[in-house]
Each structure stands twice: as structure tokens, then as C-alpha cells.
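Taking the hints into account, I'd like the entire structure generated from these sequences.
Same order as they appear, the protein sequences are chains C and W.
Counting from 1, one number per residue, gives the positions in the first sequence under the working numbering.
Counting from 243, one number per residue, gives the positions in the second sequence under the working numbering.
What the hints contain is simulated information worked out from the structure, not anything from laboratory work.
Errors might be hidden in some of the hints.
Label-pair restraints from in silico Cβ distances [claimed, not checked]:
1. W/581 x C/197: 50 to 58 Å
2. W/749 x C/202: 33 to 41 Å
3. C/11 x W/573: 41 to 49 Å
Just so we're clear, the structure is a prediction, and the values are computed from it rather than from any experiment.
Think of the CB as a built atom: it goes at the ideal place given N, C-alpha and C, for glycine as much as any other residue.
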Amino acid sequence: MAQLIAIDNKNHLNLKVDASKAELHGANLHLVPAVMSEFSNMAVQYPLMITKHADTGQFVCAGMLGFEAGENLFWQEGEWQGLYLPLQIRRQPFFLGNPEESATQVASGDYVVCFDSDSPAISADEGQPLFNENGTDTECFQEAKSCLVQLLQGELANKKLVEMLEKMQLLQVMKMEITFANQQSTTLNGLYTVNEEKLAALPEEKIAILHKAGLLPAIYALIISLGQMHNLINLKNKRLAY
Amino acid sequence: MNKLTKTVVIVGGGIAGWLTAGRLAAKHKSNTEQGLKVILIESANIPAVGVGEGTWPTMRSTLKALGISETDFIRECDASFKQGAKFAKWFDGTEDDFYYHPLVLPQGFGKTDLAAHWLAKQAQPTQNNEPINSFSNDVCFQEAICERGLAPKTIRHAEFADVANYAYHLDSVKFGLFLQKHCQKKLGITHIIDDVIAINSADNDTTGNNAEKGDIISVSTQNHGDITGELFVDCTGFSSLLLGKHYQVPFKKCDDILFIDTALAVQVPYNSEDSPIASHTISTGQQAGWIWDIGLQHRRGVGYVYSSKHSTEAEARAVLADYVGDKFSSLNVRKIPIISGHREIFWQNNCVAVGLSAGFLEPLEASALVMVELAAQMISEQLPASRVVMDIVAKRFNETALYRWDRIIDFLKLHYILSERTEPFWTDNRDAKTIPQSLQDLMTEWQYRAPADHDFTSNNEVFPAASYQYVLYGMGFKSDYCHTPYTLDDREFANSQFMKNKVLIDKALSSLPNNRELLEKIKTYGFSRI
Chain C
1 MAQLIAIDNK NHLNLKVDAS KAELHGANLH LVPAVMSEFS NMAVQYPLMI TKHADTGQFV
61 CAGMLGFEAG ENLFWQEGEW QGLYLPLQIR RQPFFLGNPE ESATQVASGD YVVCFDSDSP
121 AISADEGQPL FNENGTDTEC FQEAKSCLVQ LLQGELANKK LVEMLEKMQL LQVMKMEITF
181 ANQQSTTLNG LYTVNEEKLA ALPEEKIAIL HKAGLLPAIY ALIISLGQMH NLINLKNKRL
241 AY
Chain W
243 MNKLTKTVVI VGGGIAGWLT AGRLAAKHKS NTEQGLKVIL IESANIPAVG VGEGTWPTMR
303 STLKALGISE TDFIRECDAS FKQGAKFAKW FDGTEDDFYY HPLVLPQGFG KTDLAAHWLA
363 KQAQPTQNNE PINSFSNDVC FQEAICERGL APKTIRHAEF ADVANYAYHL DSVKFGLFLQ
423 KHCQKKLGIT HIIDDVIAIN SADNDTTGNN AEKGDIISVS TQNHGDITGE LFVDCTGFSS
483 LLLGKHYQVP FKKCDDILFI DTALAVQVPY NSEDSPIASH TISTGQQAGW IWDIGLQHRR
543 GVGYVYSSKH STEAEARAVL ADYVGDKFSS LNVRKIPIIS GHREIFWQNN CVAVGLSAGF
603 LEPLEASALV MVELAAQMIS EQLPASRVVM DIVAKRFNET ALYRWDRIID FLKLHYILSE
663 RTEPFWTDNR DAKTIPQSLQ DLMTEWQYRA PADHDFTSNN EVFPAASYQY VLYGMGFKSD
723 YCHTPYTLDD REFANSQFMK NKVLIDKALS SLPNNRELLE KIKTYGFSRI
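Right, dumping it as C-alpha cells:
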């Protein structure tokens with residue numbers, strides 16, 4: 001269990017982070033959460049899926065990295081072999097602490113940046129420091145914070161997206177049976193995507209609503225990214241061939 | 243004269259009234275110009291009886307047909323999941339005496355006679371002191387789910403989808419109001435709140451058509467004048483205003499078969515906010531009847547149904563108090579008379595009765611609501627287009643409904659006749675004179691083989707053969723296959739089904755959430771449509 005510790009410039013003045021090791025957090029992920037603002041970057045390489053959150057059953061967006069739990073086909077030879085590293089990986093080892101955890105935070109509505117003390121990216125001597133000697137944030141820490149902010153805003157945008165898709169009944173179950181080159185086959189369950197026919201049949205006023213809400217690019221990214229399924233199958237076939 | 247059916251008038255606004263109205267209006271597009279006109283007249287002065295807190299899985303298709311969201315239904319009707327019934331203390335009354343009637347069919351049902359194989363296994367001495375499992379646990383994975391207080395699905399399942407088949411427990415008063423709200427808002431039903439003071443029929447044969455003689459032309463209301471229509475549905479509850487009072491259709495009692503005639507009901511609060519909620523109905527045998535125990539989200543519904551010939555009210559109160567425990571003294575006890583039986587026919591002229599106005603039986607297998615659903619569905623699907631075809635539909639409706647009531651009576655009686663309890667209520671129940679010939683005949687056949695679907699000749703069957711199997715073998719009945727030993731030839735396949743059941747149990751136990759936990763999540767998140 002990862003231990004989350006709130007960061008401050010007194011206790012953690014000498015803390016260093018090795019960004020290249022942050023990727024290790026994604027080594028065994030087969031689905032990586034994705035936010036709307038990064039859909040177009042994700043769609044260049046990963047199929048974007050809608051799945052249901054295990055605890056809440058709410059629809060969430062994710063990039064697909066493998067065909068079974070623990071399988072990240074973009075993780076090869078100890079490195080992430082992708083053009084774009086998803087925000088959810090890039091922000092490691094940092095988290096936003098839940099403001100509900102302390103009364104003073106609730107009052108301010110501020111979030112607290114925490115780090116995962118078990119993260120391989122955390123060290124006392126290697127990597128970049130979080131704070132300058134005068135206690136101000138380094139560029140590296142600022143970058144990490146901006147990732148966290150993007151994720152936080154992205155969660156709200158995602159929520160708006162899936163709520164709208166659900167309301168307009170544009171989601172459909174994606175059932176897929178895939179046979180790999182070695183004849184091994186797998187059935188994908190629990191995945192959902194945009195129903196293109198229903199989208200095409202939407203009346204103008206509803207399309208206008210989606211357009212004004214800025215959701216159309218994300219919706220098309222979801223659709224187009226499904227072509228990356230071929231890419232993913234290809235990676236799997238290569239891995240199976242070894 | 244061949245009058246077209248353009249308006250259906252429903253008298254009575256309980257669950258029966260609104261379900262019938264909803265089914266008719268949804269199927270016949272009452273919210274459009276050309277659609278059927280459905281008028282529901284409801285008295286402001288007659289409270290709904292509010293019986294029936296348990297449904298069948300059919301309620302899922304009924305809700306779907308009405309366009310109701312499962313999330314809304316569960317949130318607004320205090321509803322919870324019901325995965326069948328646990329019958330405790332029905333066989334010999336000891337503490338560990340129980341069996342299940344789950345809602346999932348036995349593994350491989352229809353492909354092999356698993357009951358025969360199970361009975362053969364029981365006859366063998368067990369190896370390594372293996373515990374002898376119950377029939378329901380060996381052939382079906384649902385008992386294990388219920389025993390651990392798990393839900394039949396997860397929050398990731400779509401509305402009405404499941405891992406294990408389920409029905410609902412619900413607050414019937416809230417359900418009535420919920421149905422009314424939905425039907426009015428979405429389905430285009432005309433709602434009149436008024437008292438019916440007279441029923442006007444065509445006693446004078448002015449049309450020259452004898453078939454129409456005695457048809458209801460209209461019902462007179464206190465403040466809204468005469469409401470006319472071509473078909474009238476009697477949903478007036480026990481008073482059976484149209485079919486019973488107006489048409490004088492006789493009531494056929496069956497208290498010579500089923501002795502229960504009184505219910506004492508209480509609403510029991512949970513001990514704490516996280517007390518477990520059972521995901522099945524618990525029916526516990528008592529000295530002169532049995533106690534139902536139904537877990538809703540915010541309270542339990544508990545009641546003792548008993549035979550007043552075998553118990554005084556004071557005795558019955560003591561039995562119920564003992565079951566409920568300390569809280570009992572602070573609870574309001576409602577006494578409800580139960581007159582077991584049904585009308586001799588249900589559709590007379592242009593009037594059909596649905597719900598308590600048609601009949602009522604002790605709530606042992608939650609037959610009240612399912613009979614409403616089946617009737618409402620049949621009326622909406624077979625709605626006579628005109629007066630000419632009405633008698634044809636009426637004849638079929640009467641035959642089907644009568645058959646259903648008889649099968650339910652047989653099935654309820656089956657629960658009692660294999661008991662070895664010794665109180666007079668139970669020994670009287672085993673008296674052959676009280677067992678219908680149809681049931682006696684089946685019991686004679688089942689000495690040699692398990693109940694099978696071909697034992698029941700209708701395609702409108704209420705209980706499948708599997709239900710009879712669960713009760714028979716749950717109560718320790720043994721069918722003797724010695725005349726047909728080759729029934730066991732597919733031993734290998736049967737064993738694979740027993741194994742499959744074990745696998746399904748493991749899988750279900752590791753993946754299904756706690757029942758209360760899921761109900762809480764539904765309140766917060768809800769199910770998605772897909």
C-alpha cells in the first residue's frame with residue numbers, strides 16, 4: 001500500500017525525484033485513466049475506451065495498453081515505448097490529497113500535494129530537487145503540479161462528457177473477440193464506446209449542444225482511437241512471437 | 243352493433259390499478275392521438291391495502307415495459323433485491339432445518355435430470371465425513387450468495403442485468419405512489435379522483451345483440467358524472483365492486499386446502515444503519531402458520547400468518563413477539579384478515595377483475611403481485627379490438643387465470659404436506675382430504691421421478707418444474723428411480739454440472755458485493771442504462 005505524505009518545503013527541502021523512473025508506475029497497467037484534454041494525444045497511439053469504475057460503476061475514460069490485467073504492451077525492455085506518456089503516469093509520484101481529510105483544508109478548499117513514499121522515483125540523492133534553496137518550487141515541481149491540476153480539471157470535464165453521452169444515449173457496449181496470430185483468443189468485456197450510428201442520427205439541436213459544450217473533438221477522438229486496436233493487436237502478436 | 247374498444251376505465255388506484263393502466267397505456271400508446279384512452283378512477287377515501295412486499299423476477303420486465311428506470315424504482319420505493327426464499331423450520335422445526343427456493347434454475351436443467359443424480363449421491367455413504375449438502379446448494383449457486391448476504395449483481399451492471407436472477411422487496415405504499423407518478427407523467431393516463439357511486443349496465447337489450455346484455459355502459463361518480471367506456475377493469479381490492487358486487491360472481495374459497503386466515507404485520511426498524519439486509523425472503527414455520535421476514539432498505543416487514551382455528555390471537559401475538567424480540571412492544575401491529583380463494587370467473591361481459599378483487603392467497607410465494615402482472619400483461623396484449631371478440635378473449639382469460647390460481651394453490655399446499663412437524667396445524671395440513679386431487683396425482687408420479695416441465699401442460703405456467711423440485715427435495719422427499727436406473731447413465735455430464743455449480747459459487751462469492759453496500763451505492767451512483 002502506497003503511503004501518501006503531504007509535501008512541504010521544510011521537511012522535504014532535499015527530496016529529489018527521478019522523472020525517468022516515474023514510468024515504472026505504469027509498467028503493469030492494462031488500462032490507464034485518461035482525461036479529455038489529452039484525448040487527441042492519446043488517440044495517436046492508444047485505443048481510448050470507456051469503462052466502469054470498479055467501486056462506483058460510474059463511466060470513466062481510459063487508454064487501453066493491454067488485453068488482460070497486468071499487461072502493458074507499451075512497456076518493453078524496462079521502458080515506456082510510447083510517443084505520449086499519459087498524464088496519469090507523468091504526475092507520478094505525486095498525488096492530490098483529499099481536502100476532506102482535514103477541517104482546515106475543507107475550509108480553504110485547497111488541495112495538498114502529496115508524494116508516494118514507496119515510489120521508485122523518490123530519492124534523496126538522484127534526480128531533480130522539488131525546491132530551490134530558498135524554498136520556492138523548482139521547474140520540475142511546477143511541472144508536476146501543473147499535471148495534477150490538468151488531471152483535476154480533466155476529471156470534471158470527463159464527468160461532463162460521459163454524463164452527456166449517457167443522457168443522449170450515445171454509448172454502446174463494445175464486445176470484441178480477438179484471435180491473435182498464435183490462435184490464442186480473448187473476449188473483451190466491460191468496455192463501452194460511442195455509438196457512431198446514433199451520433200450520426202442526432203438532430204441538429206443536440207449536435208449543437210455537444211459542440212457548444214466543446215465535447216465533439218473528444219467524441220471523435222474516442223471513435224477514431226479505436227483504429228489503434230490494430231496497433232495493440234500487433235504489439236501483442238509481436239510479444240507472443242517471442 | 244360492434245363497438246370498437248376505444249376507452250378502458252379502471253376503477254381503483256392501488257398497485258393493481260396503476261400496473262394495469264400502465265401496461266395498457268404503454269402498449270396502446272395512450273400518450274398519442276390515435277392511442278387507447280385509459281381512465282383511472284381512484285377514490286380519495288379508500289386507502290390502498292398495501293399488501294405484497296415481495297415480487298417475482300417478472301417485475302423486472304414489467305418495469306421495463308412501463309419504461310421505468312431501475313435506479314429510480316429502487317431509490318423511491320425503498321426497494322431491495324430478492325433472490326428467492328429461505329424456508330426455515332418447515333420440515334421438523336429444529337434450529338438447522340432450512341432449505342432454499344432460489345430463482346436460478348438447477349445447473350443443466352433440461353439437459354440432464356440432476357435431481358436423480360443428486361438423490362443417488364445422497365444414498366451413498368459419504369467419503370471422509372463430507373457434509374451432506376442441501377439440494378438447492380448442490381445444484382444452484384444462489385443459496386450460497388444469499389447465505390452470505392450478497393447482492394445478485396454489482397454497481398457495474400446495467401439496469402435490470404444480473405449475475406443471479408432476482409426479484410424485489412418493496413414498500414408497497416411507496417410503489418403505488420411511484421407507479422402513479424410515472425404513469426401520469428409519461429404514459430398519458432387520465433386520472434380522476436372521485437368515488438364511484440353507481441354502475442350502469444345495459445339491462446334492457448336495445449341492441450338486439452344478446453352478448454351485450456348486461457354490459458357495463460358507465461360508472462357514475464360523485465363529482466365527475468358518468469364515465470363511459472368499452473372495457474371496465476375492477477381493481478377495487480377486496481370489495482370487488484364491479485365483478486363481485488355488481489355481477490355477483492361467486493367467490494370460491496379454498497380454506498379447506500390452505501388454512502391460513504389471519505395476518506399480524508409489523509414494520510421493524512433495523513438495529514443500526516449497517517445491519518445486514520437479507521437478499522431473500524425468510525419464511526419461518528411456526529406452531530400455527532409461518533412468519534414472513536422481508537428486508538427493505540430502511541426497515542423490515544415482518545408478519546405472522548396463521549390459522550385462527552389453530553391459534554388464538556393472543557398466542558399468535560406471543561409467537562410474533564418472540565420472533566421480533568425486544569422491539570416488539572413498541573411496534574404497531576396491524577391485523578389483516580385473509581380470505582383465501584378467488585372468483586369463479588374473472589372476466590364477465592365487458593368487465594375484468596385484476597388484483598385482490600380477483601382473489602387472494604397467503605403470501606407464501608409472493609403470488610399477489612405476479613398475478614396482477616400476468617393479468618395486466620394478458621389484458622394489454624390481448625385487448626379485444628371490439629365487442630365481437632371480447633367474449634373470445636374473456637373465455638381464454640378465464641381459463642388461463644383459473645388454471646393459474648389452481649396451480650398456485652397446489653404449489654402452496656406442497657410446502658405443507660411433506661412436513662414432519664407435529665402441531666395440529668401441520669398434521670391437519672397433511673390430511674389427504676385437504677390435498678387437491680391434482681396435487682395428489684403429481685405426488686404419486688413423483689415417487690418415481692423428479693418433477694419435469696411436461697407435468698404442467700399450460701404454456702402460461704406460473705411455477706416451473708424446477709420450483710417443485712426445490713420444495714420437494716428441500717423438504718427431504720425421495721423419488722425412487724430403481725425402475726429406471728438408466729436415468730443415471732449420463733453420470734459424467736451430471737458430475738460436470740455439479741462441478742460447474744461449485745465453480746459458479748466460488749466466482750459469485752469472490753465478485754459480488756454485500757447487499758446493503760450495493761443498495762447504498764445505488765443511492766449515490768445509480769445503475770447506468772447499459
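Tested hints:
Under the hint 50 to 58 Å, the C-beta atoms of residue 581 of chain W and residue 197 of chain C, about 56 Å apart, fit the expected range. The hinted window of 33 to 41 Å between residue 749 of chain W and residue 202 of chain C holds, with their beta carbons roughly 40 Å apart. With their beta carbons about 58 Å apart, residue 11 of chain C and residue 573 of chain W fall outside the hinted range of 41 to 49 Å.
Violated hint: 3 only; the structure is consistent with all others.
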